[in-house]
Amino acid sequence: MATASETAATDRAPRRGPAVLLALPTFLWYVGFLILPLVVLGVMSVGERSPNGGYTPAFTLDQYANLGSRITPLTNTLGLAALNTVICLLVAFPVAYVLALKVRGSWKLVLVALVIVPFWTSFLIRTYAWMTLLGSNGVPRILGWIGFGDIQLLNTPFAVSLGIVYNYLPLMVLPIYVSLERLDRSFLEASRDLGAGPIATLRQIVLPLAAPGILSGIVLVFIPIMGEYLIPILLGGGKTYFLGNALADLFLQSRNWPFGSALASVFVVGMVVLVAGYLAVSRRLVRAGRETSLV
Amino acid sequence: MTNRRDPDLRRDPEAIMRLAIARRLSRRHFLVAAGTGMGALALAACAPTPAGTAGTSAAPGGGGDLGDTLNLATWPNYHDQAVLDAFTASTGVAINVGVYGSTEEMEAKIRAGNSGIDVVVPSNYAIEGWVADSLIEPLDYAQLPNFKKADWNATFMDQAFDKGNTHSIPKNWGTTGIAYRSSKVTEEIKTWEQFFDLAGTTYEGKALIVDHQISSFGSAAVAMGYSLNTIDPTEMEAVEAMLTALKPKLFAISSDVQPPLRALDTWLSVAWTGDGVQVGRDNEDARYVVADDGGELWIDSYTVAADAPHKAAAYAFLDYILQPEQAAAETEFCLFPHANDKATELVAEDVRTNEVIYPPADKLAALEYAVNATYNSPERAEAWARIKASA
Numbered sequence: 011m012a013t014a015s016e017t018a019a020t021d022r023a024p025r026r027g028p029a030v031l032l033a034l035p036t037f038l039w040y041v042g043f044l045i046l047p048l049v050v051l052g053v054m055s056v057g058e059r060s061p062n063g064g065y066t067p068a069f070t071l072d073q074y075a076n077l078g079s080r081i082t083p084l085t086n087t088l089g090l091a092a093l094n095t096v097i098c099l100l101v102a103f104p105v106a107y108v109l110a111l112k113v114r115g116s117w118k119l120v121l122v123a124l125v126i127v128p129f130w131t132s133f134l135i136r137t138y139a140w141m142t143l144l145g146s147n148g149v150p151r152i153l154g155w156i157g158f159g160d161i162q163l164l165n166t167p168f169a170v171s172l173g174i175v176y177n178y179l180p181l182m183v184l185p186i187y188v189s190l191e192r193l194d195r196s197f198l199e200a201s202r203d204l205g206a207g208p209i210a211t212l213r214q215i216v217l218p219l220a221a222p223g224i225l226s227g228i229v230l231v232f233i234p235i236m237g238e239y240l241i242p243i244l245l246g247g248g249k250t251y252f253l254g255n256a257l258a259d260l261f262l263q264s265r266n267w268p269f270g271s272a273l274a275s276v277f278v279v280g281m282v283v284l285v286a287g288y289l290a291v292s293r294r295l296v297r298a299g300r301e302t303s304l305v
Numbered sequence: 163m164t165n166r167r168d169p170d171l172r173r174d175p176e177a178i179m180r181l182a183i184a185r186r187l188s189r190r191h192f193l194v195a196a197g198t199g200m201g202a203l204a205l206a207a208c209a210p211t212p213a214g215t216a217g218t219s220a221a222p223g224g225g226g227d228l229g230d231t232l233n234l235a236t237w238p239n240y241h242d243q244a245v246l247d248a249f250t251a252s253t254g255v256a257i258n259v260g261v262y263g264s265t266e267e268m269e270a271k272i273r274a275g276n277s278g279i280d281v282v283v284p285s286n287y288a289i290e291g292w293v294a295d296s297l298i299e300p301l302d303y304a305q306l307p308n309f310k311k312a313d314w315n316a317t318f319m320d321q322a323f324d325k326g327n328t329h330s331i332p333k334n335w336g337t338t339g340i341a342y343r344s345s346k347v348t349e350e351i352k353t354w355e356q357f358f359d360l361a362g363t364t365y366e367g368k369a370l371i372v373d374h375q376i377s378s379f380g381s382a383a384v385a386m387g388y389s390l391n392t393i394d395p396t397e398m399e400a401v402e403a404m405l406t407a408l409k410p411k412l413f414a415i416s417s418d419v420q421p422p423l424r425a426l427d428t429w430l431s432v433a434w435t436g437d438g439v440q441v442g443r444d445n446e447d448a449r450y451v452v453a454d455d456g457g458e459l460w461i462d463s464y465t466v467a468a469d470a471p472h473k474a475a476a477y478a479f480l481d482y483i484l485q486p487e488q489a490a491a492e493t494e495f496c497l498f499p500h501a502n503d504k505a506t507e508l509v510a511e512d513v514r515t516n517e518v519i520y521p522p523a524d525k526l527a528a529l530e531y532a533v534n535a536t537y538n539s540p541e542r543a544e545a546w547a548r549i550k551a552s553a
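Keeping their order, the protein sequence lines are chains A and B.
Per the numbering used here, the first sequence starts with residue 11, numbered consecutively.
Per the numbering used here, the second sequence starts with residue 163, numbered consecutively.
It is worth saying that the hints were derived from the structure and are not from the lab.
Computed from a predicted model, the values in this text were never measured in an experiment.
Any given hint could be a false lead.
[To be verified] 25 angstroms max Cα-Cα, derived DMTMM-like pairs, lysine to aspartate or glutamate:
1) 325/B with 530/B
2) 409/B with 160/A
3) 411/B with 160/A
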């Protein structure tokens, strides 16, 4: 045993130098652009706002004690993020299912490409386009012709949800598509041969096998929505107030960097916990999947 | 038993596409791509503008010690490009114009330090705090030989926020007023009281207030008979209650005033002078009113950042652009009034006599400057945040 591990060690030893060198840029990158900014954030969050705005060094937990004053944006954001993630999922799953299992040949390529095409245009331009569509000279005017009264679409929670679902949908469709695409069709045939109806097959075969894709889709969509800032401003008219807007206001309008840092720190920790939970669950799912396929 | 065959990439283009899509969207890649973008932004923000790339434009007239770059932090559509170009042509100093949507954004940059910004154009209420925190330097009038104090309108000079103009010289000034479309709004709006009343009743869903604590909260305070600058707890509570009740009836809380007013998404709006003039120029029914019950008067002033990397160029630029001819050209371009009377005399008559741009003196008498205490009041900032967060 000892000799075996020694040989392994000597085998590895000459490779360590170049490996460290190769890892160095990544390491420096993470230290410079991830660790250090987070340290700055933490240090600032225990400071005080100087009388004219900005930051004065101090050690106080006042900023954290004051977090209760931002509970409304937090609950707003959590609620809307959950709601819009669910809408994204409900819209994306059928789309991904059809793309992966029903469409064949070159059509599939075209349709999958079309899911990505919106990403080629700037997010800002797409959102401004929605402003025109939802403004009083857009869809509401057409609705007016059909006989609906003065309907306001722009600057409503509906417009915010529409903008969010529209922008984040591809991030939900593609992971689900990828997991369904890998699905072995013989499972579906076996399920049918064994007498399961379409709903039973969906529930017992398709959904469990698509679970890792669904899970990564949820995380890919939920986390950016939690940090959303522009859509509430452009399509919500500043009336729907997200955590991102609360943060921007703290750093710009109030120039209260310590309080903004405290709020951001709590937000970052929350998201890390969420991602850790996702990794744990998805690892279990993958393991379960491997065991199923072995059986 | 494998549950899936390996795709033969050479013969199956579909599999390549599939892999490309999967790879394109793998989380790691996504994060790295996002990180790269932000990292590049951060680098760009940190990197000093290339001051050392000399030789391309030698200074013909202005002397060799000005350098070849000037970084100006200012407002959108505020400068006549021809005036800036003429400065570059005579001195060899190229001007990088950085456009900011608010004084607060400018402050975020210069407070962070090492911003590379030379000349900043903040609003009056920020200057006291910037001086106290040494973000801007005392002006060296010896380097401004063309500046003649006698030419300037006393109403806008030597104000409480900068006694003796030791740190700032006005660029343009203006008002915060009421813009409305008279084709839709049948009443003649004259006061803030009327504006906030109509916004919550007759014209529900058609009014906009700007996303700015000083202008919107302040104007609402004026409507209720308080000072624009109120930081009295009871008064602020009353204003907060009024605005919280009004918020669901508003079209938006947004500083992008013009697009909805032009599209008739909004019929009445809190607005600044420039919005009033520009929308009025293109729409006959658009009105801009300086309210009779008071409101905000403001001045954007030229200041020199304490850590300005191109100080000589900064002074040369101020000395140049504050001359009456240049100031007049700038005023005709941006359509905000100027505080230099000699410049105003040179401004085209239709601009000079336009009462939206240059309101009569009796209108101005009721207005107030927002002060440092208002700008920096944590209680007012929190009240505004609560209003924006309310349902």
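For residue 409/B and residue 160/A, compute the direct alpha-carbon distance and say whether it is at most 25 angstroms. holds, 19 angstroms
Would you mind confirming whether the straight-line C-alpha gap from residue 411/B to residue 160/A stays at or under 25 angstroms? Answer holds: residue 411/B to residue 160/A is near 14 angstroms, not above 25 angstroms.
Is the Cα-Cα distance between residue 325/B and residue 530/B 25 angstroms or less? Holds, at roughly 17 angstroms.
Of the numbered hints given earlier, the model fails none.
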